[in-house]
Amino acid sequence: MIETALSRRQMLGVMGVAALSVTGCGSVGGDEESGDEGGSTALKVGLVIPQAGVYAPLGVDMKAGWDLYLAEHGGKLGGRSVKLVVADEGEAPDKGVPAVQRLVQRDDVDVLVGIVNSATALGAKDVVAGAKKLLIVSNAGADKLTAGDVPYVWRSSFTNGQIGFAVGEYLAKAPEGRDGAYAIAADYAAGNEASAGFKAGLEAGGGKLIDEAATPFGTTQDFQPFLSKVRSSGAGACYCFYAGAEAVAFVKQYQEFGLADRIPLFGSGFLTEGGVLEAQGKAATGVRTALHYSAELDNPANQAFVKAYRAKTGKPPTVYAMQTWDAAALLDQAVKGADALDGDALAKRLESLGEVADSPRGAWSFEDRSPKQTVYLREVTPKGSGFVNAIEEELGSFGPAPASA
Amino acid sequence: MPEWIDANLVSILNGLAIGCLLFILAVGLSLVFGMMDVLNLAHGAVYLVGAYTAYALTDGAATWTRFVAAIAVALVLGGVCGLVLAAMTRPLARRGHLDQALLTLGVALVLGELVLLAFGEDVLSVGAPPGLDGSVDLLGRSYPVYRLAVIGVGLVLAIAVYVVVERTRIGALIRATVADRAMVESLGVDSRKVLLGVFAAGCALAALAGVLGGPIYGARPGLGESVLILALVVVVIGGMGSIKGALIGALVIGQIESLGRALLPDQASFLLFAAMALVLLVRPQGLFGARAGLV
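Residue numbers (my numbering), protein chains in the order written: chain A, 621 to 1025; chain B, 151 to 445.
For the record, the hints were derived by calculation from the structure and aren't laboratory data.
Every value quoted in this text rests on a predicted model; they were computed, and no experiment measured them.
Backbone N, C-alpha and C define an ideal beta-carbon position, used for all residues, glycine too.
Careful: at least some of the hints might be erroneous.
Facing chain B, from chain A, some residues (calculated, C-beta under 8 Å) [claimed, not checked]:
# : residue
1 : A749
2 : G864
3 : V868
4 : K872
5 : F877
6 : G982
7 : A983
Keeping only pairs whose Cα atoms sit at most 20 Å apart, straight-line, the calculated DMTMM-like set for lysine to aspartate or glutamate is [said to hold, decoys possible]:
#  : chain 1 : residue 1 : chain 2 : residue 2
8  : A       : K849      : B       : D156
9  : A       : K683      : B       : D156
10 : A       : K902      : B       : D272
11 : A       : K935      : B       : D156
Label pairs and their computed distance ranges (CB to CB) [what the hints assert, rightly or not]:
#  : chain 1 : residue 1 : chain 2 : residue 2 : range
12 : A       : K935      : B       : H247      : 26 to 36 Å
13 : A       : E1013     : B       : A310      : 53 to 63 Å
14 : B       : S419      : A       : E1013     : 16 to 26 Å
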């Protein structure tokens, strides 16, 4: 009996250790050095990206974008060698904010780059405000993240409202929107902000909102009940905000339940960006989305970027990779000529940057420390053996808060 | 009334499809819990194994041969998972549900991570076999053919499982083992074999649900947890260890998830657990559960 009791306990112990080690090891930040031995002139960067959980594919793209910029510039930013510390932001702020705190307090990084989750970014804002460190957010789209009195939080990505607004304004004038539009989004901060932006844009352009729906975030496997409502609403077009697994399910079911042929689907570009487009396959054909980037953009900076990125990873770049590549480029500019590496000195440099001319997304500039940039209308189109987001037209230049402008 | 049915026909059908899939998934959980008193939290992970099996074998071209092969492989893998889980939980049989929950939850985490290591974190989709991958017109509304097929397969399986458990010698043995294991053993039957068999069959069905659910829900990290919660709610509502309960519970949950959400979209996220709470208040043992004292 004693023997079985022991083996039972041992077995439990082994299982426990195995479970802990497989789920827990992702959280340990790995040190990674590139370039020469640091010394006093090295720039210590904390890269905060999701390495586990639902956002993990975005983290992979962000890391690849960062690595590409460094590889293209001899491992240096602003003439300084870079010491990189990667931390896992996980899925939510309960993991992401402590990761940011560790980077600032234990690892004593000079600057922070990354962050996918808006709530994590808002938590990180307080941390860097206290520590006076520069943070370049390279994804999180919370509308008000960089507005306000913290001068250290900058963003190389987008705002949720900015993209939604662009679609709304377009649909107000497009023939598809003549009979009014339906708005459906996942019921969480990003979805609500995107939906609000869409409605503001639609109203600003004189369009009509037929109805709207917010689907439970993260627990909706089946969108059919909501799709039935869209179908019977009489709307001429449908705008949606979904990302990740929900984007795959929504686009596939929109096609399966016969809506794709009757009510054209529009969305914020994350709906069909990167890995999710592969999973959606031909169900996504014809879906039109707005975003400030597509790998299909035809400008010299993007052509060079796509070519180099493909050579390194074998895939076309996503918006997530581009935004982090741009964050590295911004940091390169900021560190160059800065007299110190604290938040005040670097923020001052970013303020004086003016237009960012050589970004793969096209030229853009800062407004309230977030991008004022061109938003493109893209359509999912077959190309080769797969699908791409082909550029349809430019929707115009939008600031981070177009609704209030 | 006919207008109401017409307006909600797609939701009702869809609820039926979800319900059938849930039945295939939950019947194993219910039998194992009700008959063997083992709380198997790794049941969702076995579904996940089935879903990824479907992806691995049908990637690129979902031909019938590949799809059927995926079903066969998933049944075997699921059965093996069941045997291993039965062997692992056996030493804990007298230690209460918490220890079993801890062990099987650990197994679920390990299985989930192994799948992640093998397939990465991307969301993957599984194609339906040719002929089932389109949509048909139902009273002017299109409905995916594949979901109709799932309804058919689900109902056939439900009848088959019911007949096996209620009308055959093996079924009688299973029910007898639950009722009085000592008596069955005294008749010269090795009750461990019965328990192993039920566990293996239950997990094989969960893996089968993973393959059948593939073209609807795809394969992605975290899917195992989502379906486990649904399956647990089915067992709670239907009652443990009852085939009829699992079927009715699954069909009720299917309608709540589909028709309920269509009629009350603003309460969508609460409906499922509101129904569960209601059943727990009115009939704590579930709609068709055995008397509380037995379980």
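Hints, verified against the model:
The beta carbon of A:A749 is not positioned within 8 Å of any beta carbon in chain B (closest approach about 32 Å), and the interface hint is therefore violated. The restraint placing A:G864 at the interface with chain B holds, with a minimum CB-CB distance near 6 Å, inside the 8 Å limit. Restraint check, A:V868 versus chain B: the minimum CB separation of about 5 Å is within 8 Å; hint holds. Proximity of A:K872 to chain B holds as hinted, the smallest CB-CB distance being about 7 Å (cut-off 8 Å).
Below 8 Å, beta-carbon pairs count as interface contacts, and A:F877 has one with chain B at about 6 Å; its hint therefore holds. Given hint, A:G982 at the interface with chain B, is violated; its Cβ is 28 Å from that chain's nearest Cβ, farther than 8 Å. With 8 Å as the threshold, the beta carbon of A:A983 stays out of range of chain B, its nearest partner Cβ sitting at about 32 Å, so the hint is violated. Between A:K849 and B:D156, the direct Cα distance comes to roughly 13 Å. Compliance with the 20 Å bound is thereby established for this hinted pair.
At roughly 51 Å between alpha-carbon atoms, A:K683 and B:D156 are farther apart than 20 Å, so this suggested pair is violated. Our distance criterion of 20 Å between C-alpha atoms is met by A:K902 and B:D272, whose separation comes to about 18 Å. Simply put, A:K935 and B:D156 have alpha-carbon atoms about 46 Å apart, too far for the 20 Å limit, and the pair is violated. At roughly 46 Å, the beta-carbon separation of A:K935 and B:H247 lies outside the given 26 to 36 Å, and the hint is violated.
The supplied range of 53 to 63 Å is met by A:E1013 and B:A310, whose beta-carbon atoms lie about 56 Å from each other. Take B:S419 and A:E1013: their Cβ atoms lie about 38 Å apart, and the range 16 to 26 Å is violated.
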